[in-house]
Amino acid sequence: MEQVPLSHVLILSSILFFLGIYGFFTRRNLITVLMSIELILNSVNINFVAFNKYLYPHQLEGVFFTLFIITIAAAEVSLAIAIIINLYRRFNTIDIDDTDTMKY
Amino acid sequence: MSYDLSSEIILFLPLLSFLVLSLFGKKIKPEISGIIGTMILAIVAFLSLYVAFGYFFDFGKVDGVYVKHIVTQFSWLQFNENLSIDMGIVLDPISVMMLIVISFVSFMVHLYSLNYMKGEDRFTMYYAYLALFSFSMLGLVVAVNLFQMYMFWELVGISSFLLIGFYFTKPSAIAAAKKAFIVTRFADLGFLIGILMLSYGAKTLDFFVLIERLTATGSPYIASFTATSFLGLSTLSWALLLVFAGGAGKSAMFPLHIWLPDAMEGPTPVSALIHAATMVVAGVFLVARLFPIFAISAPDALHIIAYIGAFTALFAAIIATTQTDIKRVLAYSTISQIAFMMFALGVSGWGEGNNEGYTASMFHLFTHAFFKALLFLGAGAVIHAVHSNEMKDMGGLRKALPITHITFLMACLAIAGVPPFAGFFSKEAILSAAYNANLPIFYVAVFTSGLTAFYMFRLYFRIFWSKPAVKHEGHGHESHTWAMNIPLIILAAGAVFAGFIPFGSFVSAEGKAIELPFHLMFSIIPVLVGLTGILIAYVLYGKKSDLPAKISNSISFVYQSAYHKFYIDEIYLFVTKKILFNLIGRPSAWFDKNVVNGGMINGSASGTVMFSGAIKKMQSGRLQTYAMFFLGGVLILAALLVIKFI
Chain X
0 MEQVPLSHVL
10 ILSSILFFLG
20 IYGFFTRRNL
30 ITVLMSIELI
40 LNSVNINFVA
50 FNKYLYPHQL
60 EGVFFTLFII
70 TIAAAEVSLA
80 IAIIINLYRR
90 FNTIDIDDTD
100 TMKY
Chain A
0 MSYDLSSEII
10 LFLPLLSFLV
20 LSLFGKKIKP
30 EISGIIGTMI
40 LAIVAFLSLY
50 VAFGYFFDFG
60 KVDGVYVKHI
70 VTQFSWLQFN
80 ENLSIDMGIV
90 LDPISVMMLI
100 VISFVSFMVH
110 LYSLNYMKGE
120 DRFTMYYAYL
130 ALFSFSMLGL
140 VVAVNLFQMY
150 MFWELVGISS
160 FLLIGFYFTK
170 PSAIAAAKKA
180 FIVTRFADLG
190 FLIGILMLSY
200 GAKTLDFFVL
210 IERLTATGSP
220 YIASFTATSF
230 LGLSTLSWAL
240 LLVFAGGAGK
250 SAMFPLHIWL
260 PDAMEGPTPV
270 SALIHAATMV
280 VAGVFLVARL
290 FPIFAISAPD
300 ALHIIAYIGA
310 FTALFAAIIA
320 TTQTDIKRVL
330 AYSTISQIAF
340 MMFALGVSGW
350 GEGNNEGYTA
360 SMFHLFTHAF
370 FKALLFLGAG
380 AVIHAVHSNE
390 MKDMGGLRKA
400 LPITHITFLM
410 ACLAIAGVPP
420 FAGFFSKEAI
430 LSAAYNANLP
440 IFYVAVFTSG
450 LTAFYMFRLY
460 FRIFWSKPAV
470 KHEGHGHESH
480 TWAMNIPLII
490 LAAGAVFAGF
500 IPFGSFVSAE
510 GKAIELPFHL
520 MFSIIPVLVG
530 LTGILIAYVL
540 YGKKSDLPAK
550 ISNSISFVYQ
560 SAYHKFYIDE
570 IYLFVTKKIL
580 FNLIGRPSAW
590 FDKNVVNGGM
600 INGSASGTVM
610 FSGAIKKMQS
620 GRLQTYAMFF
630 LGGVLILAAL
640 LVIKFI
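So the protein lines, in turn, are chains X and A.
Using numbering that gives the first Met the number 0, the letters of the first sequence map in sequence onto residues 0 to 103.
Using numbering that gives the first Met the number 0, the letters of the second sequence map in sequence onto residues 0 to 645.
Because the hints were derived from the structure by calculation, they are not lab data.
Please read these numbers as outputs of a predicted model, since none were measured by experiment.
Errors might be hidden in some of the hints.
Straight-line alpha carbon distances no greater than 27 Å define the calculated DSS-like cross-link-like pairs of lysine-lysine that follow [to be verified]: (1) 28/A with 117/A; (2) 543/A with 117/A; (3) 549/A with 391/A; (4) 543/A with 391/A; (5) 102/X with 466/A; (6) 102/X with 615/A.
The calculated label-pair distances, taken between Cβ atoms and stated as ranges, are [as the list claims (entries may be wrong)]: (7) 70/X with 607/A: 20 to 28 Å; (8) 75/A with 103/X: 53 to 61 Å; (9) 641/A with 5/X: 32 to 40 Å; (10) 18/X with 605/A: 47 to 55 Å.
Covered by chain A, according to a simulated footprint, are these stretches of chain X (three or more residues, beta-carbon under 8 Å) [as the list claims (entries may be wrong)]: (11) 16 to 28; (12) 93 to 103.
Note that the Cβ used here is the ideal one computed from N, Cα and C, for glycine as well.
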């Protein structure tokens, strides 16, 4: 069976990455911004797994890193959700433009 | 107890007294603290006599010559292998003599102050300051090293400042204390430069090494030191003259004498201690300490010292004849007498190896300490009784203050040089040294000693005669207790008998005993001059008359300028206030205010504020703006990496 070439996988992860970046900059809802960050993280995960499989098939570091990132992303999401809930309680909104009081 | 241990105790007991009295003074009753201080000084005085006895009769003499005896010495600050600042205690004839003078007069003043300063506020601090002063003065005379001496020198300056300004609620006392400090400090600048020059030229600070290196014939140090000259004097002479400038400041030589009369604002016993017997002779002591270098390698510096001394002696004596504040008369008399010691050292610059001026100077220092301390303490007793410093408030006090009267008379006779009182012997020695060296100075000295007799007896007659004798004016102040009378009597004994000490066999420039010349024929003229002075004083002031006023009116201009101290203070004020303040003070104040403060300090502050105001907008609080910056940074880094690997 013919393998999918590495470049295809990398193109997929790049598309995911820039989708995430685009979402991060354009969304006004904090929850969607958070989801965009998850997209970025997952594009990185794909990269790790792909490089591991195609370049160093006898090693496992890429896979391990992916597992770590998934764990940390879960923790980070719970933290971010907690922050967003607190923001909502205080400002009654989760629009990113209305929560800019932490400044000079 | 060994002599070495005793001399260490002598130095550190007053320091201990100072520490105890100043740290725990609040917990001690004033009377007790006075007694503690006095007891400690009594021990110090006794130990000084013991050490002096040991030095002069037991261990000091080697082969008929008094040599230095280093009690202790350790390196305190090592600059390099060759140059270090040492601390130590050295005994040699002059330091031992000074130990006696300082501890003895200081003890007398401590004892006297028990009564004189009774009931003053800060009585304990007064004793603490006295102890600090005694410590610094004792440390000064036993110093092994120029720099050690300089440190104690400054300690003496600060304790003198504290004592002059003791009545710090009086503006005049504060002004006097500041004046004394600033003038002597200004002179000490010269001293410091002199020390640096000497240590640079001779590569040492130790007195004895310094003397050895700068007096040996053919020494390379002298050769390099005298190679360059400036204004006709070699570098060595300039260094020594700068050192002398420090001594002139402390010893109130013209033109740095202006602080001493004002320093009379301090309590009278302080004047007796500091401004008569001890601190003001520090300058003489300094020149005497370096005397071999002066005499052998830089006689031209000694000539200058001699001229300055002779001029100051005459100058101060003329002013003393016109002053009406009794302490000021004594102050100018002190300046004049110190100047006698100074030019006695100076005249050794003429004539090879003829160092009798050195012995005469030290002798006069010794006897002067007794009778001048006595005069000040006597004046203190008079002031204590009449509550005034002015002569016009006095007169006819001989019955009211009998003990003060008799002792004061003895001191006046001593300072006037009437035989057989102490001052006669030492003054004859000085005159003889001057006669053998430089005749003009001799004539000035004889005339000045006549003036001395005149103004001292003017003082004496104005205080104790001139009006009908008064007995007790009823305010009960002849209740001078033993604490005030005993010092007077002891010092009077010193003023009478100190002259009989064969001083030449103890103190001389080389350490060998020398015979002070004493010729009956030579003494006749000075004694006659002195007696004439006394006679004139009696005619003018013995009874109340208007003769003095007539005379002073007839020479009004001279009298007025002498009364105003030849306007030296005014000249100083003119130079400082009008010239220095306007030319240097104001421009530098302007520079400080506008350039340093305005430009550099405020300018940099407002620059920072403006810059931060400009960049603070970047912290907008908008999450996506931050992310934009972040992404921009990452892209730039990525671009850099790409460029690098292409």
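Checked hints:
1. Between residue 28/A and residue 117/A, the direct Cα distance comes to roughly 12 Å. Compliance with the 27 Å bound is thereby established for this hinted pair.
2. At most 27 Å may separate the alpha-carbon atoms for a hinted pair to count; residue 543/A and residue 117/A exceed this at roughly 35 Å.
3. Pair hint residue 549/A plus residue 391/A holds up; C-alpha atoms about 17 Å apart against a cutoff of 27 Å.
4. The hinted pair formed by residue 543/A and residue 391/A meets the criterion: a straight-line CA distance of about 11 Å does not exceed 27 Å.
5. At roughly 92 Å between alpha-carbon atoms, residue 102/X and residue 466/A are farther apart than 27 Å, so this suggested pair is violated.
6. For the suggested pair residue 102/X and residue 615/A, the alpha carbons sit about 9 Å apart, so the restraint of at most 27 Å is met.
7. Restraint check, residue 70/X to residue 607/A: a C-beta distance of roughly 46 Å breaks the suggested window 20 to 28 Å.
8. A beta carbon spacing of about 57 Å between residue 75/A and residue 103/X agrees with the range 53 to 61 Å that was offered as a hint.
9. For the hinted restraint 32 to 40 Å between residue 641/A and residue 5/X, the CB-CB distance of approximately 19 Å leaves it violated.
10. Residue 18/X and residue 605/A have their C-beta atoms about 49 Å apart, which keeps the hinted 47 to 55 Å range intact.
11. Counting residues of the stretch 16 to 28 of chain X whose beta carbon lies closer than 8 Å to any beta carbon of chain A gives 3, which meets the minimum of three for the stated coverage.
12. Here's how the stretch 93 to 103 of chain X fares: 8 of its residues keep a CB closer than 8 Å to some CB of chain A, so the rule of at least three is met and the hint holds.
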